[in-house]
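A.B. asks: Each chain, letter by letter, is given below.
Number of protein chains: 4
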Amino acid sequence: MNHQGTLGVAVIGTGRMGADHVRRIDTVISGARVAAVVDIDAERAEKVARGIEGCTPHTDLAAAMADPAVDAVLIASPGPAHEAALLAAFERDLPVLCEKPLTPDAASALRVLRAEQALGHRRTQVGFMRRYDAGYLRLKSLLDAGTYGRTLMLHNKHRNPATPPGFTDAMLVNDSVVHEIDTTRWLLGEEITAVRVLRPVPSGNAPDGLGDPSLFLFETSAGQVVDTELFQNCGFGYQVVCEAVCERGTARTGDDHGLVVNSEGHWGGSITPGFVERFADAYDRQVQRWVDATRRGEVEGPSCWDGYAAAAVCEAGVRAQLTGDRVAVELVERPALYS
Amino acid sequence: MNHQGTLGVAVIGTGRMGADHVRRIDTVISGARVAAVVDIDAERAEKVARGIEGCTPHTDLAAAMADPAVDAVLIASPGPAHEAALLAAFERDLPVLCEKPLTPDAASALRVLRAEQALGHRRTQVGFMRRYDAGYLRLKSLLDAGTYGRTLMLHNKHRNPATPPGFTDAMLVNDSVVHEIDTTRWLLGEEITAVRVLRPVPSGNAPDGLGDPSLFLFETSAGQVVDTELFQNCGFGYQVVCEAVCERGTARTGDDHGLVVNSEGHWGGSITPGFVERFADAYDRQVQRWVDATRRGEVEGPSCWDGYAAAAVCEAGVRAQLTGDRVAVELVERPALYS
Amino acid sequence: MNHQGTLGVAVIGTGRMGADHVRRIDTVISGARVAAVVDIDAERAEKVARGIEGCTPHTDLAAAMADPAVDAVLIASPGPAHEAALLAAFERDLPVLCEKPLTPDAASALRVLRAEQALGHRRTQVGFMRRYDAGYLRLKSLLDAGTYGRTLMLHNKHRNPATPPGFTDAMLVNDSVVHEIDTTRWLLGEEITAVRVLRPVPSGNAPDGLGDPSLFLFETSAGQVVDTELFQNCGFGYQVVCEAVCERGTARTGDDHGLVVNSEGHWGGSITPGFVERFADAYDRQVQRWVDATRRGEVEGPSCWDGYAAAAVCEAGVRAQLTGDRVAVELVERPALYS
Amino acid sequence: MNHQGTLGVAVIGTGRMGADHVRRIDTVISGARVAAVVDIDAERAEKVARGIEGCTPHTDLAAAMADPAVDAVLIASPGPAHEAALLAAFERDLPVLCEKPLTPDAASALRVLRAEQALGHRRTQVGFMRRYDAGYLRLKSLLDAGTYGRTLMLHNKHRNPATPPGFTDAMLVNDSVVHEIDTTRWLLGEEITAVRVLRPVPSGNAPDGLGDPSLFLFETSAGQVVDTELFQNCGFGYQVVCEAVCERGTARTGDDHGLVVNSEGHWGGSITPGFVERFADAYDRQVQRWVDATRRGEVEGPSCWDGYAAAAVCEAGVRAQLTGDRVAVELVERPALYS
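Chains as they are written, first to last, in our numbering: chain A, 158 to 496; chain W, 158 to 496; chain C, 158 to 496; chain F, 158 to 496.
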């Protein structure tokens with residue numbers, strides 16, 4: 158499949174993330190257009206489709222994917238709906254960009270992985286957009302070059318002003334630390350083999366019952382150690398910092414060092430208020446790369462394997478949260494398709 | 158004029174800047190397409206047009222502008238060719254994005270301004286792309302808010318690794334300091350009323366006969382003082398820094414504080430290697446904003462007045478370079494169209 | 158005891174640290190003089206004493222302490238010799254500044270503590286000189302003020318260019334992490350209740366058999382979590398960083414942000430080469446404060462309790478290194494003298 | 158003269174600076190003691206002397222210098238009284254540390270210089286204490302090493318929260334910029350040959366009639382250009398920054414990068430509140446070096462020539478303030494004694 162013309166994308170899910178991707182494809186990304194939107198809420202789908210020339214609203218997945226204007230699928234529905242959408246796309250052999258998580262647990266992620274494996278070629282890119290962030294990309298290329306020797310540790314900080322209502326301990330793992338799970342695996346090129354969670358006394362600003370902040374500890378297949386301060390109710394801003402400790406040097410990305418102000422006895426700058434501001438460019442770049450690769454008939458970026466491994470580590474993380482123990486991560490053997 | 162469909166752009170000039178704008182419109186910007194390219198070198202125009210669907214190559218300005226597929230004009234030819242292209246576009250009442258400088262001298266800039274004034278509405282946006290840089294935008298909004306009181310001084314640093322062969326003292330003003338001339342006028346909302354140039358002993362790394370580095374001093378209509386270190390053969394990278402000194406605080410943008418590395422007794426980061434890396438996003442944003450405004454039938458951004466004022470200050474700057482004196486800047490009265 | 162004149166100090170041990178303290182008292186500190194030096198190596202003692210007016214060399218502890226010119230004792234002999242020197246000083250009821258560690262293990266530290274307790278008043282200040290470092294002092298006062306809410310975590314980095322020959326895993330705890338043990342207890346005002354050690358694959362630059370770097374994890378009596386990256390063969394310099402994570406903000410001290418240089422595509426500064434450069438002022442301030450307090454007849458600063466608690470945590474740390482387990486720290490009840 | 162024992166210092170003037178130097182010699186500096194204090198206000202002299210063992214109060218300069226306990230003189234009286242005190246010290250051939258300015262104008266400074274020249278050897282160190290500041294010392298050694306090529310420009314910022322009542326335009330030169338005059342001459346090893354002053358509209362926070370901030374521009378004998386932002390009512394803190402622009406790099410000292418705090422959407426640190434905090438160590442080091450050199454029978458540090466040159470540039474600076482013109486600096490030929 159080689160799309161010489163504009164790529165027709167079906168966007169599955171028209172909630173917050175879905176609507177944002179519709180906007181991005183329509184007004185930011187070149188080489189693609191929104192050919193269809195799918196939502197079980199017919200009214201919402203119609204409302205989103207109305208503003209876009211040549212965009213058909215659907216409530217049925219299969220119908221959308223059978224639409225001849227649809228060349229590719231972007232899945233932005235809630236996690237539990239991902240598996241069905243992925244399998245439907247695989248049936249039509251359509252390229253997919255699937256928002257993280259691939260699916261909400263390791264068992265379903267493995268089913269998806271097996272289904273793609275049965276196709277005999279990769280069709281899925283998982284939406285771990287940090288891999289497209291300029292700072293992470295520079296860090297990755299520095300580590301890959303080995304300029305400072307092997308990487309021995311990573312120190313991560315993942316700070317968010319406040320959690321939305323209803324946020325749970327498990328969501329700290331599945332929605333938040335999942336990003337550090339992926340960046341750890343990607344930056345180091347190793348699987349995570351064990352997880353520990355240390356839980357200090359919670360902040361008075363964390364909602365009742367939420368163990369925030371916490372310290373996640375990963376061990377990797379190459380014996381590296383990774384710590385992540387997760388603080389989702391820090392109040393002061395959104396900060397995602399990663400420092401790699403190598404044999405002869407360290408490198409850190411993610412400090413907020415843009416505009417520097419001197420005033421009233423203090424110097425410093427603003428902290429990024431949220432993930433939209435921090436990673437908008439990464440989202441754009443992610444979708445653009447996917448459009449470009451798709452038009453070339455190729456698949457790049459995070460794969461089903463990456464989605465599956467993240468799901469498995471998340472499950473270990475949730476168990477480590479509950480037990481306070483070191484929890485080993487178990488993975489099936491990596492299929493050749495993903496090597 | 159309201160373009161509901163994709164905006165057809167004629168790009169005038171297919172040299173380095175022109176080719177880059179063609180690429181940007183074709184692959185980065187949404188809502189626009191390259192409908193025509195114009196170059197006196199027919200072969201070069203054809204070569205550029207060949208890769209783009211529906212793009213007609215031209216050697217004649219008037220023919221290109223008469224092309225019904227052309228809705229707007231982007232002028233990226235050498236400065237001396239700008240006046241003719243602008244007047245041709247005005248004749249057809251086409252919206253124009255004109256690379257800086259508007260024209261190479263104040264007299265021709267004033268002729269262009271009078272021609273647009275005769276149209277009775279603005280058609281021209283001048284390519285002072287720093288106004289679209291994220292750092293400058295944050296600085297501008299901080300100063301406009303008056304958080305730290307009135308702005309009293311600006312300290313600029315404009316550093317470039319090396320000048321290309323044939324660079325002259327006048328080019329230091331017209332090609333380099335012209336950016337600080339525009340950012341000064343834009344950030345402060347005032348005209349520049351006088352210019353001085355101090356010229357230290359030149360660096361041994363500057364080409365023979367080029368007075369680099371130098372210190373430019375501007376006074377504004379509100380009595381502010383602005384200094385600019387211009388160092389175009391600094392060797393170590395590309396650095397554009399602006400610090401505003403207000404009554405109760407200062408704010409600085411442009412330091413290179415991205416990825417921070419510790420290694421071999423030193424800490425720090427990379428310096429942006431050149432203006433492409435530093436301002437690529439600003440260029441993209443500039444063209445996108447222009448496309449968007451054009452499709453709405455509007456004109457925004459730097460105007461002919463801004464282009465004319467910059468040309469007038471450049472002329473004063475060149476005289477200040479030559480004489481070592483304070484040179485006053487003289488401007489015609491500002492037409493209502495630009496107020 | 159109130160020394161209106163100059164304080165006569167006996168310095169026990171004239172090795173590297175002892176000789177440095179002799180120099181400090183003789184030429185940096187006001188209000189004190191070196192009245193005696195003690196070393197089992199008579200020749201070394203005499204050599205050091207020779208350059209200082211009115212300084213008597215001794216090989217016998219008791220004789221030195223009986224010297225009427227001696228008003229106070231500074232112990233800088235090797236750790237195993239501390240207990241005897243402390244007990245001798247207690248017998249004469251002399252004020253003591255004792256280099257860390259108080260003694261090499263918790264049992265002997267507890268004996269010293271009991272002996273001082275029997276005196277009925279504090280006579281000992283332990284040489285945890287980080288408590289006198291300007292950066293740590295500012296951090297401490299920020300945390301004590303509670304400006305950003307309660308402190309929930311500390312992230313420490315303790316990096317050293319290289320270990321001397323013969324450095325062992327136990328020395329990583331007793332000589333290096335012991336500083337973070339003390340700063341943790343001092344900054345947080347809590348005891349450490351448990352220790353874990355995570356050991357990544359060692360750096361190729363660490364001596365064979367030394368598990369460097371490593372990650373130490375402390376829990377405190379108030380449920381705070383503290384991590385310390387210990388990297389004693391990092392090669393690039395000496396860096397001691399402490400970041401406190403509070404409920405509404407974080408504060409970090411110890412980055413090397415002095416002289417900033419732009420050159421050859423990089424910006425940044427030098428990293429402090431070693432602990433002497435980093436903490437010279439803290440050492441001076443420590444001794445000066447001790448001299449001043451002593452002349453006023455008072456005892457301040459880290460006490461025997463602090464020395465004992467550090468020894469107990471070190472022992473837990475060594476066990477945690479060996480076992481990979483969480484090791485709880487056990488302390489005797491805190492005597493009233495130290496509350 | 159070689160002082161094997163403690164150096165007996167007569168402190169001339171017991172106002173704010175004098176009392177601070179008395180305290181410093183008495184309690185900070187080793188190797189010196191305050192043998193005498195001199196003040197025309199007998200009561201104030203007696204009050205200061207009372208707390209110090211062996212310190213005699215005087216109202217008469219000559220009597221104080223004849224005191225056999227006096228080995229050296231520290232002049233901290235108001236500037237107009239310096240000449241008489243210096244000449245009295247020269248008569249007794251006593252070493253002198255003279256607070257800046259050497260004298261208030263170039264003519265009297267030249268008389269002092271001639272008097273010292275007549276002695277045939279240097280006796281005077283001028284109190285330009287920035288030469289002892291750690292940051293400036295590192296910058297100086299970097300420039301002297303020529304690592305980044307020749308120095309072409311300096312950018313200085315000299316910011317102070319507020320001026321005391323009665324501060325005048327001339328004091329901006331003589332009390333404030335005089336420090337940049339000295340650091341320029343010292344860092345570059347060149348004389349200042351011309352001065353310009355640009356005066357923006359004054360800050361609303363400057364006292365009526367005071368032209369603050371202002372921009373001073375120096376040219377040097379080697380053709381270097383130096384700019385200094387002088388802002389003595391900036392409100393936000395005390396900041397003394399110096400950036401040297403060399404042929405292949407720049408180096409900056411004086412940013413406030415100690416403790417870094419994240420809180421409420423901002424990151425950054427405190428700005429030093431005043432010159433005492435910023436330069437206390439430099440003052441201590443200055444006096445200690447002088448004591449040490451004096452005890453060795455030597456004279457080091459800023460000389461009468463440095464004091465005279467600063468006075469001459471200040472006079473040009475005041476004229477440049479008044480006229481707005483470039484004012485050339487004229488110096489007598491440099492005597493061999495100061496080469």
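You may find that some hints are simply not true.
No copy labels: a pair is met if it fits in one copy or bridges any two.
Straight line, CA to CA, 25 Å or less: simulated SDA-like cross-link-like pairs of lysine to any residue [what the hints assert, rightly or not]:
no.: 1; residue 1: 204; residue 2: 265
no.: 2; residue 1: 297; residue 2: 322
no.: 3; residue 1: 297; residue 2: 423
no.: 4; residue 1: 297; residue 2: 226
no.: 5; residue 1: 204; residue 2: 453
no.: 6; residue 1: 297; residue 2: 200
no.: 7; residue 1: 297; residue 2: 223
no.: 8; residue 1: 204; residue 2: 220
no.: 9; residue 1: 204; residue 2: 347
no.: 10; residue 1: 204; residue 2: 456
no.: 11; residue 1: 297; residue 2: 414
no.: 12; residue 1: 204; residue 2: 494
no.: 13; residue 1: 297; residue 2: 431
no.: 14; residue 1: 204; residue 2: 323
no.: 15; residue 1: 297; residue 2: 213
no.: 16; residue 1: 297; residue 2: 359
no.: 17; residue 1: 297; residue 2: 374
no.: 18; residue 1: 204; residue 2: 452
no.: 19; residue 1: 204; residue 2: 187
no.: 20; residue 1: 297; residue 2: 321
no.: 21; residue 1: 297; residue 2: 445
no.: 22; residue 1: 297; residue 2: 320
In case anyone wonders, no lab produced these hints; they're calculated from the structure.
A.B. asks: Which hints from the list above does the structure break, by number from lowest to highest?
C.D. replies: 1, 2, 4, 6, 7, 9, 10, 12, 14, 15, 20 and 22
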